[in-house]
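Residues per chain, in single letters:
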Amino acid sequence: MSTVARLVYSYFMCTPMTRALTLGGLALYVFSLYVMASWPQSEHMLAFAAAGQIALFLGSAMMPLMFGRIAQSKAMVLLPHGRLKLLFSALITVAIIAAPAGLVTPFAYVAGNSGKFSDLSKYPQLRDFTVNLGLVIYTSSCILAGWLYVAMWFLSSQRNMAGLAKGLLVIVFTLFLPAREIRELSGTIAWNLQALAVVWTIFGAGFLCWPRLRMVRAWWRLPDLLGTQTSARRTSGREVDLILGTRNPWLMIAALTLPLVIASRIGTGVPAVWLFFLTIFSTVTGAIAGQAAERSRALWLRRDWSRAEIFLQAERSFWRHNSVVLGVLLALMVMIGSYSGLPLNLLAAGIPLLVLGTVLSTYLGFMITRGIRWPEASLGIAIMLALMAIPLLLEAGNANLAVVCAIEGCLAVLAFILRSIARRRWEQIDWSQCRPAKVLSTRQA
Amino acid sequence: MNDMAVQASHLSKSFGPKRVIDDLSFEVSRGDVIGVLGKNGAGKTTLLELMLGFTPPSGGAVSVFGHASGQLPGGVKSRVGFVPQQDELLDQLSVADQLKVIASFYGAWDANLIERLCAEWRLDPKARIKSMSVGERQKLSILLAFGHRPDLLVLDEPVASLDPMARRQFLEQLVDASADGQRAIIFSSHIVSDIERLANRIWILKDGRLDWHGDLDSLKESVVRLHIRGAAQVLAGLSVPGALSQRHEGAFATVVVRDWTPARQHSIEESAAVEVEVESLGLEEIFLELHR
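In order, the protein sequence lines correspond to chains C and X.
Residue 0 is where the first sequence starts when you use numbering that gives the first Met the number 0, and the numbers rise one by one after that.
Residue 0 is where the second sequence starts when you use numbering that gives the first Met the number 0, and the numbers rise one by one after that.
These are calculated hints, taken from the structure and not from any lab test.
None of these values were measured; they are calculated from a predicted model.
There's no promise every hint is true.
What the hints assert, rightly or not - A few chain C residues that don't get close to chain X, going by computed Cβ distances all over 10 Å:
1. Thr2
2. Val29
3. Asp118
4. Val149
5. Lys165
6. Leu168
7. Gln193
8. Leu300
9. Trp318
10. Val327
11. Gly370
12. Ser377
13. Leu384
14. Leu392
15. Asn399
16. Ile406
As the list claims (entries may be wrong) - Straight-line C-alpha distance at most 35 Å; calculated DSBU-like pairs for lysine-lysine:
17. C:Lys165 x X:Lys99
18. X:Lys219 x X:Lys205
19. X:Lys129 x C:Lys165
20. X:Lys99 x X:Lys219
21. X:Lys205 x X:Lys17
22. C:Lys165 x X:Lys125
23. X:Lys38 x X:Lys205
24. X:Lys129 x C:Lys84
25. X:Lys99 x X:Lys125
26. X:Lys38 x X:Lys129
27. X:Lys17 x X:Lys38
28. X:Lys219 x X:Lys17
What the hints assert, rightly or not - Which chain X residues face chain C? A few, computed with CB under 10 Å, are given here:
29. Thr45
30. Leu49
31. Gln70
32. Lys76
33. Gly80
34. Leu89
35. Leu92
36. Val100
37. Phe251
Beta carbons: idealized from backbone N, C-alpha and C, even for Gly.
The following block holds chain C by itself, in its conformation from the complex (with noise of 0.2 Å):
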């Protein structure tokens, strides 16, 4: 038990941002608690208990990767029930981010009717319904985040584009479902306790498995399907754009299309969210320049290139694939709003929107230097909240163009900023600060 608490602790607490996260998060959850007993009744009383959630989650972003090193690594082999431990230690996480928003919920629904607290002790039907009110919330969030955490360990971990692919489908697939049954108050917790016993029974037996199944994969090893492997004969000419790893955009295009089709196809019909996921998947597009600076390390002893020269080139080279991705980005947006019907204004505000999105994050990308640090962790938080704003405000009856307009204006000249900080940055890149962390996947002979 005490293998499982310490690594629950590790997985909040191992960094000083992510014991800021985790504090901050639940400090800002009990002061929500105070907005909603002493503050008047508002459409935005439960933003502080909002920003908790998210902070507590972002405090808790150590947890996919920690549990996929740990469950790689040799050692797991050895411990004592170190895979049963590892595998409660996760359940034993999900089941904490969730808890504060089942435990706010009945709270919030008094306070969001104009009660006060003590209602709750006085009508018990009220009490019954806000428990079962958070209950479904709780058991809700507990598959949310679940989920989510998968997809963080695909993004995280993986870092190419089956990472991605696999990432981008559970974020579109997972995203969606359920924040459709909280919002439409349909789920209820029986649905919610068997979606949570089916998906973490699978997952649970196949984690426990996991060895012995590894081996039967070992025999049945399937075809490289996404063709990530590569010729030297197919590349020449491009060994730069090679080792930076954009010699190939289709590959990305491939990555992203099944979550684009997949949200399409549940998107449409809410147009704002649909164009939210456009956002992020442009966001994706950029976000492979993070890789940027440890990659060019390669090219220093091998081209006749300053550390400025070797940022231009990266900068080409990167926009070189992400002109593809973003053009095909685009063309399926107009295509598949224009097939729908979509509002014209969504589809105007859309393409600087998507623009937006794969520049700033190449560009934040870029400014990665050496390792993600406070500033860029909070700009990049910063500036996809603002680029998921948009998609909001359009959604909104009396949507504002030009506050839209002004926010897209002012991303851009951010967009100018964050260039020349990641150039100033590589004029005087560390590469001993930027080593690859990668883990060897290698098979010992």
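Here the structure of chain C is known, so what remains is to put chain X in place on it, guided by the hints.
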């Protein structure tokens, strides 16, 4: 053309408050085969990366073939080969493709040499890099640094994952490479016997400083073990300047000293009325004694 491969003057490097390299000055000429020794965290990798401009110095300067390492022109870069501690191979390629990709960066590439070494080192050109063992990846990394026949070869722990056979083949290749006396080779390793076998100069890094640098013979003459025989009271109070470690038992004492010169033997024998016998040490023992 500048014949000095590397020149450093008051070179230092700090990461935050931690000073990793502290005021180093040195020169590396053609024909030098330098073995860099140091404990983990002594600053070996940082020093090698500073030399080649991967990381800018916090103080001082370092140049490669007369050019500041932070602004190496293409002509100089093509004369440098580097084997990093952690390989930078592209997992999705095959061995042959990886070699072709890297060869494309250089005007001259000795395909025959690489083909021969691939055969000798039993590297299958068709093998996928992602399916190779750590040792095989290391062999390939070494080949990538050899192919353009660099004038300066820098290797950061190149043999750490090689089996004894591959290590021997690698060392033979290094001997071949250095035989014409036109190349400078700098390599770090924890395998002291390899350095002893190959290097003609030794750098011992300790806490970011060059604790000792010079040729191997000088080092062996400088750090020695003294077997001293004399009266017990004399030995109990005996203080030998430059002593790294000292033990005594009755009428016998053993002292390891640095900065030893034959003249000091007479001085100790006469001043303390003792008999001194000098024993040479192997490089591994010297390294251990210097790090006590």
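**Request:** Kindly indicate which numbered hints from before are broken by the structure, ordering the numbers from low to high.
**Result:** 8, 20 and 37
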